[in-house]
Amino acid sequence: MSAPRHIVTPMRRVRGLGAARSGTAHFWHQRITSVAAVPLTIALVVIVMALMGRSHAAVVQILGSPLVAILMLLFILNTAYHMWIGMQEIILDYVHDELFKFLSLLGNTFFVFAVALASVFAILKLSFGV
Amino acid sequence: MAEMEARARASSQRPLSPHLQIYRPLLTMMMSIVHRVTGAALYFGMLLLAWWLIAAASGPTAYANVEWFIGSLIGRLILFGYTWALIHHMLGGIRHLIWDTLNGFEPAEREFLTVASLAGSIVLTLLIWGAGYLVMGGPR
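Going line by line, the protein sequences match chains C and S.
The first sequence begins at 1 in this note's numbering and counts up one residue at a time.
The second sequence begins at 1001 in this note's numbering and counts up one residue at a time.
Bound conformation, chain C alone (with noise of 0.2 Å):
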């Protein structure tokens, strides 16, 4: 009598890792960009008030200031890493077809790497000049 080549064991169940196939890792992630959002929101709406209504000279020279610039590449990092945690959340409670769930959550990692690399970029060219 042969062994069956694959016993699926309650442990080998648990580590598939649930829905996401990543365990409780994203839910502790979130809890960190949460705390680390609180001060870079704050900083985030303070510089924003500071530059409504300034020229574009103005609004160029505050913006690729170091100070305002890591700040600013601080929120949208740890933003980009929140919102897609946070999206991918939805997603699995809402969606239950396989393949427009995978799909959704394509398009969950496309739109925040887009939106993500679009602003670290005019950051960094307000920062650089060129």
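The reader is advised that the hints may include incorrect statements.
Unchecked claim - Stretch-level coverage of chain C by chain S, calculated; a stretch enters the list once three of its residues show a Cβ under 8 Å from a Cβ in chain S:
{"id": "1", "region": "25-36"}
{"id": "2", "region": "83-89"}
{"id": "3", "region": "123-129"}
What the hints assert, rightly or not - DEER-style ranges, computed between Cβ atoms:
{"id": "4", "chain 1": "C", "residue 1": "L92", "chain 2": "S", "residue 2": "F1112", "range": "23 to 33 Å"}
{"id": "5", "chain 1": "S", "residue 1": "R1036", "chain 2": "C", "residue 2": "V35", "range": "40 to 50 Å"}
{"id": "6", "chain 1": "C", "residue 1": "F27", "chain 2": "S", "residue 2": "V1123", "range": "22 to 32 Å"}
{"id": "7", "chain 1": "C", "residue 1": "I70", "chain 2": "S", "residue 2": "L1026", "range": "36 to 46 Å"}
As the list claims (entries may be wrong) - Only part of the chain C face toward chain S is listed, based on derived beta-carbon distances under 8 Å:
{"id": "8", "residue": "T41"}
{"id": "9", "residue": "A58"}
{"id": "10", "residue": "V59"}
{"id": "11", "residue": "L63"}
{"id": "12", "residue": "L67"}
{"id": "13", "residue": "L77"}
{"id": "14", "residue": "T79"}
In short, the hints are calculated from the structure, not lab data.
Remember, predicted model here, so these are calculated numbers, not experimental data.
The C-beta atom is built at its ideal place from N, Cα and C for all residues, glycine as well.
Model the placement of chain S on the given structure of chain C, informed by the hints.
Leaving out everything else, chain S in the frame of chain C:
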């Protein structure tokens, strides 16, 4: 074949656990939904921030277009809604972080946290816009 049909019928007749429609709407529940909705709105709202930054990096003409849009009635409504969503999601997030420490679960405490995050988001949004108009020298 008959067995599969019987199984399919059995699974379709299985009792389902109750969902949202049987619960009395509570403030904590509504705010939980609003937290998710504001999160989704902020997700797409990041396009506005990206547009603003790209326009600033592109030049005065592109920047003038964003300024025109933000200055328009629709633009202001969107930005006002974005401000409220951002602040509400932030305060709701802080509430969730407090709950993550297993504090604030008593009935009075969780009601207070929920009301405080809602009221706080409205007050802070109005303060931010008031201060914004002060910085810019009044509504234009």
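For each hint, the structure was consulted:
Here's how the region 25-36 of chain C fares: 3 of its residues keep a CB closer than 8 Å to some CB of chain S, so the rule of at least three is met and the hint holds. Counting residues of the region 83-89 of chain C whose beta carbon lies closer than 8 Å to any beta carbon of chain S gives 3, which reaches the threshold of three, so the coverage claim holds. Restraint check on the region 123-129 of chain C versus chain S: 3 residues with Cβ-Cβ distances below 8 Å, three needed, restraint holds. Checking the proposed 23 to 33 Å range against C:L92 and S:F1112 shows it holds: the Cβ atoms sit about 32 Å from each other.
Restraint check, S:R1036 to C:V35: a C-beta distance of roughly 19 Å breaks the suggested window 40 to 50 Å. Evaluation of the 22 to 32 Å hint for C:F27 and S:V1123 yields a pass: the beta carbon distance comes to about 31 Å. Range check, C:I70 to S:L1026: about 42 Å between beta-carbon atoms, so the 36 to 46 Å window is met. Nearest Cβ of chain S to the Cβ of C:T41: about 5 Å, under the 8 Å cut. The hint holds.
The closest approach between the C-beta of C:A58 and any C-beta of chain S is roughly 10 Å, which is over the 8 Å cut-off, so the hint fails. Residue-level restraint check for C:V59 holds (minimum Cβ-Cβ distance to chain S is 5 Å; threshold 8 Å). The interface hint given for C:L63 holds, since its Cβ lies 6 Å from the closest Cβ of chain S, which is under the 8 Å cut-off. The interface hint given for C:L67 is violated, since its Cβ lies 16 Å from the closest Cβ of chain S, which is over the 8 Å cut-off.
Here the hint on C:L77 is broken, as its CB sits about 12 Å from the closest CB of chain S, past 8 Å. Of the supplied interface hints, the one on C:T79 holds, with its beta-carbon coming within about 7 Å of a beta-carbon of chain S, less than 8 Å.
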